[in-house]
Amino acid sequence: MGKTLYEKIWNDHLIHADESQASIIYVDRHLMHEVTSPQAFEALRVKGRKVRCTSKTFAVMDHNVPTRAKDLSFADAISRKQMETLATNCHDFGIKLFDFMHPDQGVIHIIGPELGITLPGMVIVCGDSHTATHGAFGSLAFGIGTSEVEHVLATQTLQQKKSKTMLLKIDGNLSKGVTAKDIILYVIGKIGTDGATGYVIEYAGSAITALSMEGRMTICNMSIEAGARAGMIAPDEKTFHYLKGRDFSPKVQDWDKAVAYWKTLQSDSDAKFDKVLSMDASKIRPQVTWGTSPEQVVAVDESVPDPKDFVEPVKQEAARKALTYMGLTPGTPMTSIKADIVFIGSCTNGRIEDFRAAAEIIKGKKVAKHVQSLAVCGSGRVKRQAEKEGLDKIFKEAGFEWREAGCSMCLAMNEDRAAAGARCISTSNRNFEGRQGKDSRSHLVSPQMAAIAAIEGHIADIREYI
Amino acid sequence: MEPFSIHSGIVVPIDRANIDTDAIVPKQFLKKVERTGFGKHLFHDWRYLNDDENKANPDFILNNPAYQGATILLARDNFGCGSSREHAPWALADFGFKVIIAPSFADIFYNNCSRNGLLLVRLSTKDVDELFPFASKGDGAKITADLPRQKIIAPHGKEYPFTIDSFVKECLVKGLDAIGWTEQFTKKIDSFEKKLKQEKPWI
Chain E
4 MGKTLYEKIW NDHLIHADES QASIIYVDRH LMHEVTSPQA FEALRVKGRK
54 VRCTSKTFAV MDHNVPTRAK DLSFADAISR KQMETLATNC HDFGIKLFDF
104 MHPDQGVIHI IGPELGITLP GMVIVCGDSH TATHGAFGSL AFGIGTSEVE
154 HVLATQTLQQ KKSKTMLLKI DGNLSKGVTA KDIILYVIGK IGTDGATGYV
204 IEYAGSAITA LSMEGRMTIC NMSIEAGARA GMIAPDEKTF HYLKGRDFSP
254 KVQDWDKAVA YWKTLQSDSD AKFDKVLSMD ASKIRPQVTW GTSPEQVVAV
304 DESVPDPKDF VEPVKQEAAR KALTYMGLTP GTPMTSIKAD IVFIGSCTNG
354 RIEDFRAAAE IIKGKKVAKH VQSLAVCGSG RVKRQAEKEG LDKIFKEAGF
404 EWREAGCSMC LAMNEDRAAA GARCISTSNR NFEGRQGKDS RSHLVSPQMA
454 AIAAIEGHIA DIREYI
Chain B
13 MEPFSIHSGI VVPIDRANID TDAIVPKQFL KKVERTGFGK HLFHDWRYLN
63 DDENKANPDF ILNNPAYQGA TILLARDNFG CGSSREHAPW ALADFGFKVI
113 IAPSFADIFY NNCSRNGLLL VRLSTKDVDE LFPFASKGDG AKITADLPRQ
163 KIIAPHGKEY PFTIDSFVKE CLVKGLDAIG WTEQFTKKID SFEKKLKQEK
213 PWI
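Protein chains in written order, with my numbering: chain E, 4 to 469; chain B, 13 to 215.
So that you can see chain E by itself, here it is in the shape it has in the complex (with noise of 0.2 Å):
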């Protein structure tokens, strides 16, 4: 019987199998930053031991810096004291740093796919939950925990239960305004955010293998808000040439040998996944969220939901706790709901592809008075060629705080913070209770959809403006 793409690597990582218990799989990239390593590295000193494979260990400095400028002033001591302590750890390991002040610092799961450190058929693992995103690449990219971390740097390996495997295949056409993000929230809103808990997600079809790299890492990003462990997009030529000439990518003398592998690395036709599940991409229209969950999602022309149109009590409660979060009301139209804030970044949304299509919705005219807008960029590589492309007076011109790159507002552990009781409309991943600061409210949108509300000074319907 054939194989799924996720089998695939999965065999291709066997170091020691027992599917009854824990297997070992090897990993060939492992991607770091200061939040969730301190401790790791701790343990390592304490037990004696060191880092078995500095080589394929990255490290980047992304959740505490400061976008205002670079300048480490802006950062709380704590933060600061973080930061140091992921560059003394790097420094005492042999571990390649990307620091605050590289060129080409940015969100860890922005660089690694622009450096050509995340390629096709990897085992890739950081301690972050959005490490899913690499799977865009047809790699195995799941997030993990501190003590796995020390795991990973101790062995470079991790012990693992074997997933269950789910192809998600999302055929046709997108409507004109609808993007890779608003697919990955209506799946989301679909099978719920523990709809894939225990699966590994393949995204297949023809609405897929339309996007670009950077529309396939928005799906993969947000897989993880659908409870699966990873996914994955088998690579294609699209793959490839993204990949081609970048800093870590094979050089010439191996590139040919690695496409050829990367070329088998496709589900096989009689391959058997655990389940199946059947999308029709032409149904989509713009989605935003109006609760505290990303299942909590509605598409941008319809109203605040009533908690009593909710099946199951759970999800009532829910829906009713969400509403008094949020400060709605059922039946209210998405579109009057009024923006404080618009955030466009993240690793969800922070590419060069995110800037260029907010910017085409903004430019020549204003941002609402009484909206404050960030477009903080994922990396400084993406910093850089937007600035080339002209994007950043585009921004600027508009009344956009155009920042340097770091993860910002999405989680808010720098001082990018909304402010209580503040409503942002946010290109990023998660609309959790204080996710963007204590007591604000987040409404998840493409950014589009976010260039828009910026623009009108509440959510608007994307698809009256183009």
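Heads up, some of the hints might be wrong.
[What the hints assert, rightly or not] The list that follows gives simulated cross-link-like pairs (lysine-lysine, PhoX-like), each with its CA atoms no further than 25 Å apart:
1. Lys44(B) - Lys67(B)
2. Lys179(E) - Lys53(E)
3. Lys11(E) - Lys200(B)
4. Lys209(B) - Lys260(E)
5. Lys200(B) - Lys53(E)
6. Lys254(E) - Lys212(B)
Hints listed in this document are in silico derivations from the structure and should not be mistaken for laboratory results.
Add chain B to chain E, keeping to what the hints say.
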């Protein structure tokens, strides 16, 4: 890691689905470089009325005197979803929790808890529904988690069997050091790397 066998304790219910790790421990507490001291920040936004954590929110169940000393948490679906932060299990364990019972848990959170000696028990929604009234009474009801026998024992004696991955069970019962366990396969890792270098030199 301390071995886990049988534990009896006061059970506290949090009647809410999709409790995420941002709620368990918010981001402002992730800046520490140590592994300890997270218990006081557990459920910060719900538990305190102010940032300094000296004004307890009387409406939050962990502040109810009836549940002081609780060591077992009863929750709803998809507990621990969201961020992979291990600070969440560190906070739960540091606060004193030993066992969490829910119909389902998020994947990464489940692994992180197992690595920290916390027993996560998946029971059916029906079983969890049955346990909620006991937990909600606030009379200091204790339940027992018997890991070797894989049973939760309610205050009135009813037993609820649960399944658990045999390796996770072994790690918890023995308090196993995961890295130490993997190191028995070092030779296999060595030969895997040798082969990798020949076959896929770009990695």
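Here is how each hint holds up against the structure:
1. Taken as a hint, the Lys44(B) and Lys67(B) pair is honoured in the structure, with Cα atoms around 23 Å apart against an allowance of 25 Å.
2. Straight-line distance between C-alpha atoms of Lys179(E) and Lys53(E) comes to about 53 Å, which puts the hinted pair past the 25 Å bound.
3. Between the alpha carbons of Lys11(E) and Lys200(B) the distance comes to roughly 20 Å, so the proposed pair stays at or under 25 Å and holds.
4. The suggested pairing of Lys209(B) with Lys260(E) holds, with an alpha-carbon distance near 13 Å, which does not exceed 25 Å.
5. Between Lys200(B) and Lys53(E) the alpha-carbon distance is near 18 Å, which keeps this suggested pair within the 25 Å criterion.
6. Between Lys254(E) and Lys212(B) the CA atoms are separated by roughly 12 Å; this keeps the pair inside 25 Å, and the hint holds.
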